[in-house]
Amino acid sequence: MAKSVSAATTECLNIDFMRSLVKQYSELGQWTSALFWADVAAAACSGMGQASGDDIWLLASAMLARGELHRAAHAVTSRALHRRHLLCLGVVMRAYLAAKEPATALNMMDECDPALLEPRNTDQTHNRALAGVLVWQARALSALERREAAAEALAAALRADCASYEALDLLLDQHALTPAQELELISSLPVSSQLGVAEGALVRLAYRERALRYTPEPLPPSSGTHPPGADTGGGASTEAGVEAEVEEVRSRTLEASVGRARRLAAGGRWREALAALQEPWGAAAERVACLVELRRSAELFAFAHELVDAYPQEWTSWFAVGCYYYLIGKSELARRYLSKAKTLEPGAGCVWLAYGHSFAADNEHDQAMAAYFKASQLMSGCHVPPLYVGVECSLLNNPPMCAKFLARAAALHAGLHTAEQAGPDAGRGARQAGQAVEAEEAEEAQEEAEAENKGRWECVVRCVQEPHVAHEAGVAAFAAGDYRAARALLTRALDAARGDRPVDEVGARWAPTLDALGHAWRALGAAGEALGWHARALARRPARGRSHAARGLCLALLGRRRAAARALHRALAADPDDVVAHALLDAVLDRLHDDHAPDEEIPQFPFPELNISPAAPATPAAAPASADVTGAADVTNMADMSMSFD
Amino acid sequence: MQPLLINTKTDIQIDLNQVKIDLRHGIRECVDRGLTQTAKWLAELNYALKDHKIVYEETSTPYEDGTVIEEREAYMLARSYFDCQEFDRAAHFLENCTSPKCVFLQRYSQYMSSEKKRLDNATDSGTENTESTQVLLDLLSFFKANRNNLDGYLLYLEGIVLKKLDLRNQAVTVLQASVQATPILWAAWVELASLANEYEALDSLQLPKHWMMYFFAAHAFIELKLSDQALEAYTMLASAGFDKSTYVTAQMAIAHHDRRDVDSSLALFRELFQTDPYRLDNWDVYSHLLYLKEKRMELADLAQRAVSIDKYRVETCCVIGNYYSLRGEHQKAVIYFQRALSLDPQYLSAWILMGHEFIELQHSNAAIQCYRQAIDVNRNDYRAWNGLGQAYEILGLNGYCIYYYSRAAQLKPDDSRMLVSLGEAYEKMDKIPNALKCYYKAHSTGDIEGMALFKLAKLYEKSNMPNSAAAAYTAACQDPANAGSKELPTAHRYLAQYYLRFSLLDHAAHYAYKCLENESSKEAGKNILKTISEKRLAASSSSQPPSLPDDLPEAIKNVSAASLSHDPSKTPLPSPNVTPDNFSTPLMARKNIKYKM
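Here the protein sequences line up with chains Z and B, keeping their order. If you count the first sequence from 1, position 406 lands on 406 in the UniProt record's numbering, and the numbers rise without skipping. If you count the second sequence from 1, position 569 lands on 569 in the UniProt record's numbering, and the numbers rise without skipping.
Isolated chain Z (complex conformation) (with noise of 0.2 angstroms):
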């Protein structure tokens, strides 16, 4: 370490100047001539006693950026700046962190002295120092798999600095509070008191955009363009100019484009998704999401191929490449990409329910299941994973199970909702959805009654909102035997997911839910309605075998026989081996007989006997063939005849 240069050098040298070379040589990423220039400012003051903060910051951070973590570390903690230096902790911390030692980043954190950690109302400077520090503390603590104490240094992060954009990211990518929690904690931010309102209406925006980012897309009509003030909510006293200019300046940017994109993948609308993710390296992991819902393995394929000839350390390269052996059905090497991704990043709870995918495409439920409660713990706030899990439980035969994890599904997604229709309601409507989970939960103790049956839906249908879950519900409580439940459920997704459009224009995305609702019409008992179902069903999916057997049965049901053996027709040239299909035809076959029998044979019989008989004497003369009737004797007529055996 250069620390013995004399004194006297020091008057000479302008260390101003120095620091200024030091800043520029960084910000041009000339990391080793950063280095000797902060080398020998730290040098010069350091003769005139202690080496100030300031200095020793700017060599360690010279050294972390040459990727010397060690170094950079000990210069700092060799001086034991860390514990009354803000910026110096933060660079300690970073070197350990990049050094995979989160425990020792944590230390010196603790080390540290408590005042400094205190954010302060007057020095946004130091807050926005501190907001960095508690960043490397959620990084650090949720390496250590100490989620919530992460989310909650990301929140005070956040808090002390608004503008921590990095926060917020981590936070929401952790999922590690519920959406509605998270919407309080953006709308309860200090926005105004910390920056410009313009700023703060941007950051306002794009934050709440951020947090939306499973609420689908409003529809082409009034796309892209949010109705501005609707959507800030109460703390905002902006005038609606700058609103919109605000607007405008962020729906250019790149982060905008990747929101926009995100809600759209929320509403199922893929393609758009995909076209809205303009940049071709930005956004990995939606865009892997998009071209696997899209089916385009040769895209993803190539994507994949391009992320990990390029970072090769980065975990959504090797996520890509798992998705795509996923997408093409081979599971086992899925797997094997995926496990790498782990490996890279603990913390993804997308790769694990990628992973679980995969079990649950090899029929794997047990294994399936497994991956999806890594995933609902690695994201505890998101609705997704146990979506998934009950799904699972309904696979494999658990109904109860099953409304259980839909349910809070369907609570964690709902809460979202309230919350965008009113702050500060959010927070009670998700804990009443968490009540709400918890009474199943004292029900189920009780078990098997009818009436509970019945009870076990009910919670979802109440509070769901997510056409996904609600989807799912129906379908697990259509095949729980609670078709009334089943088919409110899956009405329910029907309208989410159109949203304020009519019926007949939801997206083909939603023929499944249109047959399921279909069958339970049905199961209901109203198999005209069932019919309309189907036929909405079979104009987004036409010439579908198992369709066309579902209205055949809604045909025999209505007593249409000859309908329902044509639409069972259908089924069997679109599917030759559809056994349902098969059984039924016979069935309605059967009794298209019956019918006949009785209607034809006595009423209609064409020959009873009384009218039979007199027509037969006709014969023995041969004259009632018109064309022998000549008028001529007998005689001729028998002479006709001998001719012939002649």
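Honestly, the hints are just simulated from the structure, not real lab data.
Just a few of them, taken from the derived set where beta-carbon distance is under 8 angstroms, the chain B residues facing chain Z:
# : residue
1 : K164
2 : L167
3 : D376
4 : R379
5 : Y403
For every residue, glycine included, the Cβ atom is placed at its ideal position computed from N, Cα and C.
Chain Z is already provided as a structure; the job is to place chain B on it using the hints.
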């Protein structure tokens, strides 16, 4: 607007000048939009009218191609791509165009592209093609969004999209609007005809009063297998000036084919072949006629020609398939029908013919698959239903048989073969009354195979109704068409015995002599004759009128009373005054030809 004129006995008036003007305009419009098939059809019609000269007012109507100046380059580019079947590319370059022609070409390219891909991918996996469906749904939402500014061509496109999505009712509505807007668009009429699958549906259509409507009506009659009406309609069209049209001739030939008038049909096809030797259209029907006539050489020649014209046309494949089928090489025939189907999975006849081949190959399940597919393409084709009936008959599932045969019989009420088959199925199911009814109906609609009466009689015999049996047998024996039938000896023996029972010896003797004609019944005939002569002897010795049995029908009693009076000179063998409306021999001419369905 007026409902479709059906049964217009009056001569139709078509202003050929107007037709020619319409055709000229229509051809251009369709060519510009890439509607090649319609353009071809119109051009053929135009060519048929080439002797009808009119003076075009060339100066007054400079041809307006309907594109905005700025879009002309894009349009030209896209058109050329479209003509090269690079549909995606064509659609891409028209993305932002607004003129109607460009919009149509863009959407049509998208449609064609997705259909082409659906066809190309169909072999890879049997599953539904979600990509193509998505394209269709997207197109549909485009149409919905632009509901108010769709021209006739776009309406036509919407119609076919709706039809692809199996939304038939909506498709009919839209296509009606389409032909209303652009009556010259033949493709829309054709789609409409294929959708209006019942006579009533046809009747309820609201169609523009335009000369195209006559073509539509005739075409629809063909579709509905109303061959007589179709013939009439085409004759009228021919007399109105379209007599040189190859299309009209071909359609007439098809109508003849459908009404089993093989010779007329063949004559027309041969004539057509002379005037337009490279016309592959409808050669599938032509080859089927040759198949029916078992003209092996001619069929082989036709197949050779077809191959030399275009190897990869559905018609060509069909001709070759028929040729192999005639040679009894069913496996090969199947291969060619399959090829036809991979070229066009909606090609109805190939599905049906392939089903027939599988039946020949004793492969009932495969045949059933084929027929089911055929029904999926067009659920009103009786051949497919009949085929299903046959296949299930082979499998011994009579319940299914009855359903399928009765469907077929409903669709083709004037064809006795299905009724006979239906009757047989009923017989096997022991539903005698139904079976009787079927045979009876088969007989009265004009029995093609000449089996209905015999079957009817046998069934009466079996169910112990001797009088009816005798009645039926007699009718059968008297029909000249049945001469030489294998069933005749049985009938003669039965009748002889029947009359013998009532001691109507002359009648009995008459049939007994007939029995002698055939080897199988010779012995029985001799025995009966012997009994007759014994009885005659006994009767002459006793000279007492034999007591008539009680169960003899009333009418026979009269007859026998008369004939027993031994006064033949006065009373001719009387014809009882029973109006034989039950058993009148149908007037319809019978054909004994082997007619493959």
